[in-house]
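Chains as they are written, first to last, in the working numbering: chain C, 186 to 554; chain U, 186 to 554.
It is possible that part of the hints are untrue.
Each pair may be met inside one copy or between any two copies, as identical chains are not told apart.
Stated by the list, open to error - When the alpha-carbon atoms are kept at most 30 Å apart in a straight line, the in silico DSSO-like pairs for lysine-lysine are as follows:
{"hint": "1", "residue 1": "LYS466", "residue 2": "LYS259"}
{"hint": "2", "residue 1": "LYS265", "residue 2": "LYS525"}
{"hint": "3", "residue 1": "LYS343", "residue 2": "LYS385"}
{"hint": "4", "residue 1": "LYS265", "residue 2": "LYS477"}
{"hint": "5", "residue 1": "LYS477", "residue 2": "LYS299"}
{"hint": "6", "residue 1": "LYS265", "residue 2": "LYS472"}
{"hint": "7", "residue 1": "LYS205", "residue 2": "LYS389"}
None of these hints come from the bench; they were simulated from the model.
2 protein chains.
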Amino acid sequence: MKIKYELIKNYKKARLGKLKTNYGTFDTPIFMPVGTLANVKTLTPEELYDMHSAVILSNTYHLWLRPGEDIVDKAGGLHKFMNYNGPILTDSGGFQVFSLAKKKDITEEGVIFKSHIDGKKLFLTPELSIQIQNKLDSDIAMSFDECIPYPASYEYAKASTERTIRWAKRGKEVHNNPNQSLFGIIQGGEYQDLREYSAKETVKLDFDGYSIGGTSVGEDKVTMYNMIDYAIKYLPIDKPRYLMGVGEPIDLLEGVERGVDMFDCVLPTRLARHGNAFTRKGRINLKNLKYKEDFTPIEDNCDCYTCKNYTKAYIRHLITCDEMLGGRLLSIHNIRFLIKEMEEIRESIKNDTFDEYKEQFIKQYKNSD
Amino acid sequence: MKIKYELIKNYKKARLGKLKTNYGTFDTPIFMPVGTLANVKTLTPEELYDMHSAVILSNTYHLWLRPGEDIVDKAGGLHKFMNYNGPILTDSGGFQVFSLAKKKDITEEGVIFKSHIDGKKLFLTPELSIQIQNKLDSDIAMSFDECIPYPASYEYAKASTERTIRWAKRGKEVHNNPNQSLFGIIQGGEYQDLREYSAKETVKLDFDGYSIGGTSVGEDKVTMYNMIDYAIKYLPIDKPRYLMGVGEPIDLLEGVERGVDMFDCVLPTRLARHGNAFTRKGRINLKNLKYKEDFTPIEDNCDCYTCKNYTKAYIRHLITCDEMLGGRLLSIHNIRFLIKEMEEIRESIKNDTFDEYKEQFIKQYKNSD
Numbered sequence: 186m187k188i189k190y191e192l193i194k195n196y197k198k199a200r201l202g203k204l205k206t207n208y209g210t211f212d213t214p215i216f217m218p219v220g221t222l223a224n225v226k227t228l229t230p231e232e233l234y235d236m237h238s239a240v241i242l243s244n245t246y247h248l249w250l251r252p253g254e255d256i257v258d259k260a261g262g263l264h265k266f267m268n269y270n271g272p273i274l275t276d277s278g279g280f281q282v283f284s285l286a287k288k289k290d291i292t293e294e295g296v297i298f299k300s301h302i303d304g305k306k307l308f309l310t311p312e313l314s315i316q317i318q319n320k321l322d323s324d325i326a327m328s329f330d331e332c333i334p335y336p337a338s339y340e341y342a343k344a345s346t347e348r349t350i351r352w353a354k355r356g357k358e359v360h361n362n363p364n365q366s367l368f369g370i371i372q373g374g375e376y377q378d379l380r381e382y383s384a385k386e387t388v389k390l391d392f393d394g395y396s397i398g399g400t401s402v403g404e405d406k407v408t409m410y411n412m413i414d415y416a417i418k419y420l421p422i423d424k425p426r427y428l429m430g431v432g433e434p435i436d437l438l439e440g441v442e443r444g445v446d447m448f449d450c451v452l453p454t455r456l457a458r459h460g461n462a463f464t465r466k467g468r469i470n471l472k473n474l475k476y477k478e479d480f481t482p483i484e485d486n487c488d489c490y491t492c493k494n495y496t497k498a499y500i501r502h503l504i505t506c507d508e509m510l511g512g513r514l515l516s517i518h519n520i521r522f523l524i525k526e527m528e529e530i531r532e533s534i535k536n537d538t539f540d541e542y543k544e545q546f547i548k549q550y551k552n553s554d
Numbered sequence: 186m187k188i189k190y191e192l193i194k195n196y197k198k199a200r201l202g203k204l205k206t207n208y209g210t211f212d213t214p215i216f217m218p219v220g221t222l223a224n225v226k227t228l229t230p231e232e233l234y235d236m237h238s239a240v241i242l243s244n245t246y247h248l249w250l251r252p253g254e255d256i257v258d259k260a261g262g263l264h265k266f267m268n269y270n271g272p273i274l275t276d277s278g279g280f281q282v283f284s285l286a287k288k289k290d291i292t293e294e295g296v297i298f299k300s301h302i303d304g305k306k307l308f309l310t311p312e313l314s315i316q317i318q319n320k321l322d323s324d325i326a327m328s329f330d331e332c333i334p335y336p337a338s339y340e341y342a343k344a345s346t347e348r349t350i351r352w353a354k355r356g357k358e359v360h361n362n363p364n365q366s367l368f369g370i371i372q373g374g375e376y377q378d379l380r381e382y383s384a385k386e387t388v389k390l391d392f393d394g395y396s397i398g399g400t401s402v403g404e405d406k407v408t409m410y411n412m413i414d415y416a417i418k419y420l421p422i423d424k425p426r427y428l429m430g431v432g433e434p435i436d437l438l439e440g441v442e443r444g445v446d447m448f449d450c451v452l453p454t455r456l457a458r459h460g461n462a463f464t465r466k467g468r469i470n471l472k473n474l475k476y477k478e479d480f481t482p483i484e485d486n487c488d489c490y491t492c493k494n495y496t497k498a499y500i501r502h503l504i505t506c507d508e509m510l511g512g513r514l515l516s517i518h519n520i521r522f523l524i525k526e527m528e529e530i531r532e533s534i535k536n537d538t539f540d541e542y543k544e545q546f547i548k549q550y551k552n553s554d
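Produce the entire structure from the sequences given, and follow the hints as far as they go.
Listed below in structure tokens is the structure:
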């Protein structure tokens with residue numbers, strides 16, 4: 186079965202919706218934790234269920250290299266391989282080619298680049314990306330795209346955007362997993378007309394949903410928000426919209442306000458491994474000496490396992506000693522933080538109080554120490 | 186309250202017993218997972234409860250350095266600090282001085298050595314070790330001892346053994362935590378008469394239990410088993426006996442056969458971090474290529490969380506990619522393996538089938554691939 190999106194209500198451009206998948210129905214807008222290598226770093230599926238994580242993202246490029254899509258296929262697909270019973274979205278590898286490969290040769294056919302693991306020459310094409318994702322058997326697959334660097338010349342961005350549309354078409358033609366939905370990805374760099382062009386042309390190909398790509402590549406916030414605005418008005422209201430790689434607490438609010446339904450980001454787990462925690466008053470770094478004798482939880486009102494059971498002093502101790510449990514406890518808190526924020530955002534759309542919620546959240550968050 | 190040991194029954198020298206502590210009563214013989222830095226690496230207390238781990242060990246030397254016993258004291262003791270509601274045993278630091286310090290200066294007063302973290306000069310005395318443990322508020326503390334290297338000259342071993350007895354006496358005199366029991370440690374190196382002397386003199390000081398130390402320092406198995414035999418016959422039957430740092434599956438059987446009640450070892454978690462798993466047929470290394478497409482659990486009949494939910498192929502993938510979840514899943518399996526072995530050992534003592542159980546276990550274990 187393909188996914189089914191139902192728009193429940195709008196508050197201005199913000200959308201409250203439902204997404205039905207083969208692994209359960211969840212409410213949108215939603216934040217998706219990242220499970221790059223078929224696991225959300227340090228965590229089990231049960232821990233994700235416990236924090237009400239409804240859907241995760243996994244990375245096609247990484248799974249292609251290790252363990253290889255054929256192993257995952259033989260295991261019965263990604264859900265069975267990692268023993269995860271919720272919906273899984275896979276990206277296309279386009280972003281990893283951009284972010285991990287130091288040198289790459291982009292042709293009409295695909296991208297030649299070197300493995301970030303052993304330097305082996307790799308060739309990824311729109312067809313191969315889809316074929317890998319078909320085998321991974323994720324619930325939602327992404328079209329292969331080029332993530333345009335920022336800044337990029339208009340000429341470069343235009344040629345790349347046009348090619349990404351041709352790639353999307355080629356990928357769609359070989360896609361053949363009836364239980365997997367396929368999203369098109371909007372590119373266009375920072376250019377308004379290219380974003381409009383990309384949105385319109387991609388929508389013509391009739392995908393199950395639409396992603397906004399090419400953000401979080403070094404651009405400033407205003408540019409990022411513009412990239413969303415330029416494209417989103419051309420997307421159909423009956424399909425989910427996914428803003429790729431964005432997970433800062435305030436960016437989630439800005440995205441939702443503009444009509445985004447889905448977000449993913451490695452930020453909560455990456456910050457955790459470096460000893461950082463989200464709080465409503467901003468990020469804190471648990472390595473800070475001032476937490477040495479702080480026997481209170483990261484946040485008093487947080488309902489996560491970590492805050493219900495451990496103090497800042499204990500987590501600081503674990504992080505200081507490089508004990509993995511520290512990163513694990515912070516990952517639980519940070520992911521739950523973003524999921525809880527999204528729960529509250531959905532509630533505020535429902536109650537027509539999104540603007541107040543956003544204002545209040547930002548005011549408090551910027552009071553960070 | 187101090188611990189209370191009750192001997193339920195003997196099967197030859199093997200003992201089935203009960204140990205009552207402030208944090209619950211457990212059956213002996215027992216295996217204790219090691220939580221060096223106030224956590225069993227990668228695991229939460231709940232995971233330890235789930236695998237029926239009844240008691241853990243934590244390291245005084247490590248906690249003295251980080252976070253420092255005063256922080257733990259201010260947190261309300263080690264149980265509160267790490268949010269663990271089972272009994273905790275702390276060692277004395279003697280073994281770490283032996284194993285971690287490259288240069289040390291042992292005097293009658295104590296040991297001068299350098300921190301393994303920053304090279305800072307440290308001075309640990311029998312009194313200080315006990316005072317630190319008093320503050321950590323573990324349920325069972327250890328006397329400060331010198332762990333004699335193997336091999337050691339008779340003269341060295343004799344002088345050291347005599348000094349360890351004087352240290353035990355000094356430590357006992359300053360011990361002042363009414364909720365904490367204190368064990369004496371038998372040393373004597375590989376020498377029968379010194380082990381006998383150490384046991385008799387330590388017992389004269391009337392501790393709440395007795396540890397056999399100075400094993401697992403490079404000696405062969407026969408020597409290790411002799412070290413137990415030489416001492417254990419002089420220990421009172423109404424006090425628990427603890428063999429320090431021993432956790433190989435077959436060594437547990439050999440120890441129990443000789444009358445040991447308690448064991449600890451970092452082996453299950455250390456092996457896990459290197460991709461190794463215990464099985465009834467011997468250790469296996471999950472990094473081995475032959476597990477790449479092995480979609481069966483580590484052990485079919487294992488009741489641990491890992492074996493009930495994950496395949497060797499998946500764990501191999503995690504370990505190969507340095508994903509921490511791999512070490513976590515293997516830690517769960519390996520600790521549960523030893524705890525389950527001890528459950529079966531206790532059952533066999535109860536049923537007078539220990540000899541058959543041991544023979545069967547060893548026969549199968551040595552068939553390892």
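Comparing the hints with the structure gives:
| no. | hint | in the structure |
| --- | --- | --- |
| 1 | LYS466 with LYS259 | between (46 Å within a copy, 27 Å between copies) |
| 2 | LYS265 with LYS525 | both (27 Å within a copy, 27 Å between copies) |
| 3 | LYS343 with LYS385 | within (14 Å within a copy, 88 Å between copies) |
| 4 | LYS265 with LYS477 | between (42 Å within a copy, 15 Å between copies) |
| 5 | LYS477 with LYS299 | between (44 Å within a copy, 24 Å between copies) |
| 6 | LYS265 with LYS472 | between (37 Å within a copy, 20 Å between copies) |
| 7 | LYS205 with LYS389 | within (23 Å within a copy, 73 Å between copies) |
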